[in-house]
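Q: Here's the letter readout for the chains.
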Amino acid sequence: MAEYRAGRVEALGQLVEHTRRPLYAFIAKMMQGHADADEIFQEVWVRAMRNLERYREDRLLSWLFRIAHNLIIDRSRKTGRLTSFDQIPAPDGLPLAERVPDSRPDPASVAESHDLQAQIAEAVSRLPPEQREVFLMRTEADLPFKEIARIQGVSINTALARMQYAVRKLRYDLRDYGPGSSR
Amino acid sequence: MNRDKLERWILLRQSGELGRWRARRLERALAKDPALRAFEADVQKLTAATRAWTTRSELSQSVHRIHEELLRTADRRDLVSLAPAPRRMWWPALAVPTALAALWLVVGWPSERTAPVVSGGVAGASNASTLAWEGGVDEELDALFELVYETGADISVSAASNTSDEDQLILELLELEGITI
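So the sequence lines, in the order shown, correspond to chains F and L.
Take the first sequence: its position 100, counted from the start at 1, is 99 in numbering that gives the first Met the number 0, and no numbers get skipped.
Take the second sequence: its position 123, counted from the start at 1, is 122 in numbering that gives the first Met the number 0, and no numbers get skipped.
One or more hints might be untrue.
As the list claims (entries may be wrong) - Here are the computed lysine to aspartate or glutamate pairs in the EDC-like style, where the Cα-Cα straight-line distance is at most 16 Å: (1) K4/L to E16/L; (2) K4/L to E149/L; (3) K4/L to E145/L; (4) K145/F to D32/L; (5) K44/L to D172/F; (6) K44/L to D141/F; (7) K145/F to E138/L; (8) K31/L to E67/L; (9) K44/L to D35/F; (10) K4/L to E174/L; (11) K145/F to E16/L; (12) K4/L to E39/L; (13) K4/L to D32/L; (14) K77/F to E38/F; (15) K77/F to D141/F; (16) K4/L to E176/L; (17) K44/L to E16/L; (18) K4/L to E138/L.
Claimed, not checked - Here chain L is said to cover these stretches of chain F; the calculated rule only asks that three of the stretch's residues, wherever they fall, bring their Cβ under 8 Å from a Cβ of chain L: (19) 41–50; (20) 65–77; (21) 154–168.
To be verified - Computed, partial: chain L to chain F, Cβ under 8 Å: (22) L25; (23) E26; (24) L29.
Read the hints as simulated data drawn from the structure, not as lab findings.
Using N, Cα and C, we set each Cβ at its ideal position, and we do this for glycine too.
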C-alpha cells in the first residue's frame, strides 16, 4: 500500500491480485451476481486506500472483509435482497430459519444441473445471509472465528453457531450428492 | 459429551483455534463416534467444494477502475503518506483477567480440592512435577471458555507465538495458581 501511495501504480495490482481469490469469491457468492460483485469489490479497495490510517499490517484480509461486509449490508438494504431470516420473529420464538420446511429445488430444476458444484452454489445461496457470510468467510478466506465474530459484531459462540447451522443445512441439502449416493 | 459442543470444537480445530487440551478430548470423542467423524469429513469436503466453485472476475479492469476512482476523488489526505498506526483499545486487556476473576468467584478453583495433577502438561511440560487434570477441572475450563467466547473477551496472543489463544488462557490460569510449565 505504501508503494502505491509513493506512486507505484503496479503495487495496487499486486495487492488486488493477492486478495482477489478470497475477497472477490466471497463478495460474488454473497451477492449472487457478478455486476454487484464487481462494483463492491472495487469499492472495497477504494475505501481501503482512503482509510490507510486504520490499517494494521497483520490484519489486511480481515480488514478488507470488514469493509466488504459493511458494503454488502448497505447494498442489501438498498435493494431489499439478503433478507435475514434470523431477524424475523416467529410466534413460537424460534428463528424462522429453523421453521421453514425443506426448500430443496423441484425435480425439474435438479434435473437441469447435476454438477455438484452447481448444487453447492445453489445450496449456499439458500442459506440465511448471516450463516452464508460466516460459511464463506471460513471457506474462502480461512478467517478464524474470532475475526469473523469481530466483523459481524457478534460473540464467537454466535459465529460458531451460524457456521454449525450452515454446515448442517448444507449436509442435508446435499445428502444425495455425497459418496455412496445414487447421483 | 454434548454433540453440539463437539461439532463446534471440530470447527474450531479446523480454523486452528482449538487449544491442545480440548483437542485431545476431541480426539478421544472422535475415536468413539463415527457420526462425529462423518461431520468432520463433511466440513472438509464442503470447504474444498466451495473453493472449487469458481467465480470469474476481470481483474485488470477492476484495478484500472479502482485507480481511476482514487485519482478522481483524491484530496489532500490521499496525497499524504500515512504510516499504519495500530490503535489498541485498553479495555480488551482487562477482559481476560475479568473473566478469570468472575469464574474464580463463581466456581472457585480446584486447588482447594484434591491436588490437581497434569500429565504431560498442557504445553508439553518438561517440568519434573507431573500433574493430571481432574474431571471437574475440565468442566470448569469449559465454562471459562464459554464465558470468554460469549463475552467476546480478546485473548489474542503474539503473532510470533505458536500457542493458541486457548492454550495461552490455560497457561495464565496455571500461573495464577503458581504453577509454571
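Q: Each hint should be assessed against the structure and marked as holding or not.
A: Status of the hints after comparison with the structure:
no., hint, verdict
1, K4/L to E16/L, "14 Å, holds"
2, K4/L to E149/L, "14 Å, holds"
3, K4/L to E145/L, "10 Å, holds"
4, K145/F to D32/L, "28 Å, violated"
5, K44/L to D172/F, "14 Å, holds"
6, K44/L to D141/F, "14 Å, holds"
7, K145/F to E138/L, "22 Å, violated"
8, K31/L to E67/L, "59 Å, violated"
9, K44/L to D35/F, "28 Å, violated"
10, K4/L to E174/L, "27 Å, violated"
11, K145/F to E16/L, "8 Å, holds"
12, K4/L to E39/L, "13 Å, holds"
13, K4/L to D32/L, "14 Å, holds"
14, K77/F to E38/F, "14 Å, holds"
15, K77/F to D141/F, "29 Å, violated"
16, K4/L to E176/L, "27 Å, violated"
17, K44/L to E16/L, "20 Å, violated"
18, K4/L to E138/L, "12 Å, holds"
19, 41–50, "holds (count 5)"
20, 65–77, "violated (count 0)"
21, 154–168, "holds (count 8)"
22, L25, "14 Å, violated"
23, E26, "19 Å, violated"
24, L29, "16 Å, violated"
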